[in-house]
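Enquirer: Below, each chain spelled out in residue letters.
Protein chains: 2
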Amino acid sequence: MTVTVAIDCMGGDFGPAVTVRAARDFVENHDDVSVILVGIEEKISPFLARSADSRIAIHHASEIVAMDEAPALALRNKKDSSMRVAINLVKQGQADACVSAGNTGALMAISRFVLKMLPGIDRPAICAILPTAKGHSHVLDLGANVDCSPEHLLQFGIMGASLVAAMEHKDRPTVGILNIGAEAIKGNDVVKRAAELLRESGLNFVGNVEGDGIYKGEAEVIVCDGFVGNVALKASEGLAQMLATFLKREFNRSLLTKLVALIALPVLNNFKKHVDHRRYNGATLLGLKGIVVKSHGSADVFSFANAIERAAEEARTGVLSRITERVALQQPLQEIA
Amino acid sequence: MTVTVAIDCMGGDFGPAVTVRAARDFVENHDDVSVILVGIEEKISPFLARSADSRIAIHHASEIVAMDEAPALALRNKKDSSMRVAINLVKQGQADACVSAGNTGALMAISRFVLKMLPGIDRPAICAILPTAKGHSHVLDLGANVDCSPEHLLQFGIMGASLVAAMEHKDRPTVGILNIGAEAIKGNDVVKRAAELLRESGLNFVGNVEGDGIYKGEAEVIVCDGFVGNVALKASEGLAQMLATFLKREFNRSLLTKLVALIALPVLNNFKKHVDHRRYNGATLLGLKGIVVKSHGSADVFSFANAIERAAEEARTGVLSRITERVALQQPLQEIA
Chain A
30 MTVTVAIDCM GGDFGPAVTV RAARDFVENH DDVSVILVGI EEKISPFLAR SADSRIAIHH
90 ASEIVAMDEA PALALRNKKD SSMRVAINLV KQGQADACVS AGNTGALMAI SRFVLKMLPG
150 IDRPAICAIL PTAKGHSHVL DLGANVDCSP EHLLQFGIMG ASLVAAMEHK DRPTVGILNI
210 GAEAIKGNDV VKRAAELLRE SGLNFVGNVE GDGIYKGEAE VIVCDGFVGN VALKASEGLA
270 QMLATFLKRE FNRSLLTKLV ALIALPVLNN FKKHVDHRRY NGATLLGLKG IVVKSHGSAD
330 VFSFANAIER AAEEARTGVL SRITERVALQ QPLQEIA
Chain B
30 MTVTVAIDCM GGDFGPAVTV RAARDFVENH DDVSVILVGI EEKISPFLAR SADSRIAIHH
90 ASEIVAMDEA PALALRNKKD SSMRVAINLV KQGQADACVS AGNTGALMAI SRFVLKMLPG
150 IDRPAICAIL PTAKGHSHVL DLGANVDCSP EHLLQFGIMG ASLVAAMEHK DRPTVGILNI
210 GAEAIKGNDV VKRAAELLRE SGLNFVGNVE GDGIYKGEAE VIVCDGFVGN VALKASEGLA
270 QMLATFLKRE FNRSLLTKLV ALIALPVLNN FKKHVDHRRY NGATLLGLKG IVVKSHGSAD
330 VFSFANAIER AAEEARTGVL SRITERVALQ QPLQEIA
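Protein chains in written order, with our numbering: chain A, 30 to 366; chain B, 30 to 366.
Isolated chain A, as found in the complex (with noise of 0.2 angstroms):
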């Protein structure tokens, strides 16, 4: 089977040259994937000279959503965005998913208007893979809503555990929900109603999982509203960061200093591989229906091909049919309580 991924190559800081390059690369690496590389077709094509790959096609498309548009206005008045065009290259079943690099919340809106919501999913969140102690951890919602209800965060449970279910082959995996203390009693209602809905989901529910907790991998995959949950992962950029370049002056410090730090190196370097947040790249779009892999705005090749790849594995393993069957299972069950 051969799957198709479409890419908006407009998208993020460095468009095509990150982009086009990446999806170039991907092919190259993967037999079983097809690229339409949409965009402004001048500015693509000179990425593309050395190859000429029949898995590699161009889809002109004339206008280009900025970093900093307002999504409404982008959805109103950018009908042939780069970033639109791939989506409806996913609407009309030309391609299996879409990846941007672009705008996050114009994605969101034009995902939403295009593609239309999972039935039995009322709104779409960003899920994003964190390394952890254990492996990693799929944690939804990342920031497209600020404000949920219990209702919703049982709707992420769902479609984050058949996302895993998907991916990973794993029948159960364990679903817990973001808190502040891990006895019960803690929290705010919408926590504690959600928790008590995903406790009667049917779902290998764990309980609350406090912010630590995400990092010593106390569940596959951890649920929670999206201002906690972009706040906690852009506090864990932020601090790992500051890590970093508080370790890099330190080896710089002296002559003395920086003989150690080659000497280290290789053991620095393995660490750094192992943390890399460039493997984790590509937050999806859960809940619509259609395959969308947010990449991150700054995103280089290698980062931008962990999205791509990310975006052909949902395609390949039929995560939105596995959301879709598992929410209808789900949906009896409600009506009756």
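Just to be clear, a hint being listed does not mean it is correct.
Straight-line distance between alpha carbons at most 25 angstroms, and here's what the computed BS3-like set of lysine-lysine pairs gives [stated by the list, open to error]:
{"id": "1", "chain 1": "A", "residue 1": "K302", "chain 2": "B", "residue 2": "K301"}
{"id": "2", "chain 1": "B", "residue 1": "K163", "chain 2": "A", "residue 2": "K277"}
{"id": "3", "chain 1": "A", "residue 1": "K145", "chain 2": "A", "residue 2": "K318"}
Derived by calculation from the structure, the hints in this document are not laboratory data. Here the structure is a predicted model, which means the values were calculated and not measured.
Chain A is already provided as a structure; the job is to place chain B on it using the hints.
Expert: Frame of chain A; chain B shown alone:
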């Protein structure tokens, strides 16, 4: 001027073995501080054997609040707990501040009941210091309030700024609000309204700070509701711990990497010292008519001594009167608005 700090010696994971040792060391190193060691006398005195400092007094209290005890029960039933008696000493003016490594919820409930709130402040907030690329920032609330109104967040801003003004002798410390986007349009309604109030408050308000902005040092005071703050803090702790574990693992991989670790040890130790969370131990419960500092339950002697120093420094610099004055200044403005 001598400052007296009451110490709940029975709180925390290690009780007097940590708290009394830390207090004894602290008094030896600080001429201007006396301590009152509160708790079960026969558990405290063994750790004092070597010392006969006139600035160390023992105040017997027969009960202990358990780390997992329900705050409401601790408040109702444990009238002679070391925690409560230490807080009573502050109330009665026998101590200028108190420190506890015990049950956070109980400490909050008992402090609020015994000391009451400062005029114009509705709720206490937990305020801690976090290291940043530029030095450090004060973040509040870190878990006392799971649902905050915009007015509460404004009060947190005023309290945080007053604290920094008093303790760090800065006239107009910068104040930011934790949010999920740098643009004013993002975030939920409470945060948006709170940002408006902060903008009109006369504080040196710098606007939205995203999660990573905490560690970039984008504001000296960062306000947020206790749910978000607690998750961000604990996620940071969890990530730092995971990274430390990974780094250790890489250096322990083989005889060669262990040798490298030995060579790199001075550099790694400098790094560790710089980001050592024990240096930042001691979160203050702001908004009460008295200084109450919460130490991490797992604090060691070095760490607990830092919490004592924090309590002493708040007393020395008159943080409470600074907050009271600043709130009084705000109130007429609020009433007009």
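Enquirer: Check the structure against each numbered hint from earlier and tell me which ones fail, lowest number first.
Expert: none
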